[in-house]
Amino acid sequence: MTALTDLTLAEARTGLARGDFTAVELTEAHLAAIEKARTLNAFISETPDRAMAMARAADARRAAGDTRPLDGLPVAVKDLFCTEGVRTTAGSHILDGFVPTYESAVTANLWRDGAVLLGKANLDEFAMGSSNTTSYFGPVTNPWRRRDAPEADLVPGGSSGGSAAAVAGRLALAATGTDTGGSIRQPASFCGIVGFKPTYGRCSRWGIVAFASSLDQAGPMTRTVRDAAIMLGSMAGFDPKDSTSVDRPVPAYEAALTGDIRGLRIGVPKEYRVDGMPAAIDALWRQGIDWLKQAGAEIVDVSLPNTHHALPTYYIVAPAEASSNLARYDGVRYGLRVPGKNLVEMYENTRAEGFGREVQRRVMIGTYVLSAGYYDAYYLKAQKVRSLIARDFTHAFETVDAVLTPTAPSTAFGLQDKQDDPIAMYLNDVFTVPASLAGLPGVSVPAGLGDDGLPLGLQLIGRPFDEETVLRVADVLETAADFTARP
Amino acid sequence: MALDQATVAKIAHLARIKLPEEAVPGMQQELSSILTWVEQLETVDTDGVEPMTSVAHQGLRRRDDSVADGGYPERVLANAPDSQAGFYAVPKVVE
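Protein chains in written order, with our numbering: chain F, 95 to 581; chain Z, -7 to 87.
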């Protein structure tokens, strides 16, 4: 029999339904795996007692004939989602001791559907980073190793690095992530798993620690596309408490996985072929194009001419929104307080000690681009370019049903790499940021290995609220790629 | 744009982040390089383009103007570093 921690979410669901094992056994297996893999530092908080209580409750419901869609399935939650009664850190020192008295809408949906909380996954501080090295609770190690340097610790990507490492390392059947500029898709690519960012507005942002409110979106991180469809079905839904939540019915996402993409038109944007991209990534992209063509899709060359403006646009818009959102951390209502001679000094001392360097940098950039005299030149300009980037996609989707690109410009890099130059780190998000700015659904599917033996993902981007087509094509891509490598 | 040290100190104060004097040059260099990099947007023609403020193509919903939540000050104050008599407590502001 397959180890319980090697099952997909769908297989575990079937096994529970058949009575092959109980939710308690499934949960115990994962808690034991977490304990053995503590060196990965994938979790900031483990919640074994709560997990066992939730598993026992799931088994009791099943015995009573009241079974829910995710009943008894153990998952990890990025520590950016507020969880009632469970410490929530956002990977930051400034939230010291913060125990929410409320539950985020997305996690409440998961518990409503019977899922089991294993723990809170590590992340970049306030989700600001692409390597999970900015966490106050230390970096996460990628369970994968380079073929030529197996002793070197690698980053899992970020910001949802703990979630990605937990799913890839068989510590959780699935995890929640959040994606502001690529924080679900890039770590999914680095760790060889599926990461799905839904359309902006599809999942409620309520109770998720805010980074950049016009971009933040929650989504699933899983080992298969089917599992992503299952998780998304529970995470998504209208929530009146989020003013940008969209009041649309949640489709039956699993039903979209028909395996049939004949006649679908898949766009290939030439602007994603960037200078200096490793040959393996370009080759994998071409391979992906062939796979979809062989499955009956029509490949169409498209142009997204403003693609190369996306990163600088993002690095104005996101810090601007962050500087406003993070104003709430002032040592008054929650978390850390560092005393000062007066109120202003208390604010300044608290924020200097509580925020890490990358967060301070972004808050200051955001403060500057929003300040009098610079607002038009930076922030307003970026918002206009953002319109152009979104318009590119609108034009492309007049002729294609989905767009295929690489997810990230490299495989996972070393824990010590790219730490001295913020812009080099920002370039990780070059392929994921455009869809974020346009609010579109996107997924990274593990598709192959680089020359270094590390996983590489391909990204599919779809029309707003057309998660179903994205999932359908991703499922076909996954089948063709037959990615069976493991860390 | 290269920021001077006085501007960096001013931004830090506006952001309410204490920046020790010895940390100013490092931050000055980092912020300047980021700003110089994002300034490539100056070359993009955005004449007549509306700024995008949200990707959600909807107006803000309205709800009935009635109390829908609340009445639990102890939960609101549960995480406060300092609270007294049902209020957040802060250092003295008015002498």
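Hints in this document: simulated from the structure, not taken from any laboratory. One or more of the hints may lead you astray.
To be verified - EDC-like, lysine to aspartate or glutamate: derived pairs with alpha carbons at most 16 Å apart:
id	chain 1	residue 1	chain 2	residue 2
1	Z	Lys2	F	Glu140
2	F	Lys478	Z	Asp56
3	F	Lys512	F	Glu452
4	F	Lys335	Z	Glu14
5	F	Lys130	F	Asp114
6	Z	Lys84	Z	Glu66
7	F	Lys335	Z	Asp37
8	Z	Lys84	F	Glu439
Owing to the predicted nature of the structure, the values given are computational and were not obtained by experimental measurement.
Against the structure, the hints:
Annotation: proposed proximity of Lys2/Z to Glu140/F is violated, straight-line Cα distance about 41 Å (limit 16 Å). The straight-line distance between the Cα atoms of Lys478/F and Asp56/Z is roughly 34 Å, outside the 16 Å bound, and the hint therefore fails. Between Lys512/F and Glu452/F the CA atoms are separated by roughly 13 Å; this keeps the pair inside 16 Å, and the hint holds. Of the supplied pair hints, the one linking Lys335/F and Glu14/Z is violated, its CA atoms being roughly 44 Å apart against a limit of 16 Å.
Restraint check for Lys130/F and Asp114/F: not satisfied, since their Cα atoms lie roughly 24 Å apart, outside the 16 Å limit. Distance restraint check for Lys84/Z and Glu66/Z: the Cα-Cα separation of roughly 23 Å exceeds the 16 Å cut-off, and the hinted pair is therefore not satisfied. Distance restraint check for Lys335/F and Asp37/Z: the Cα-Cα separation of roughly 38 Å exceeds the 16 Å cut-off, and the hinted pair is therefore not satisfied. Taking the CA atoms of Lys84/Z and Glu439/F, the gap is about 12 Å. The hint holds against a cut of 16 Å.
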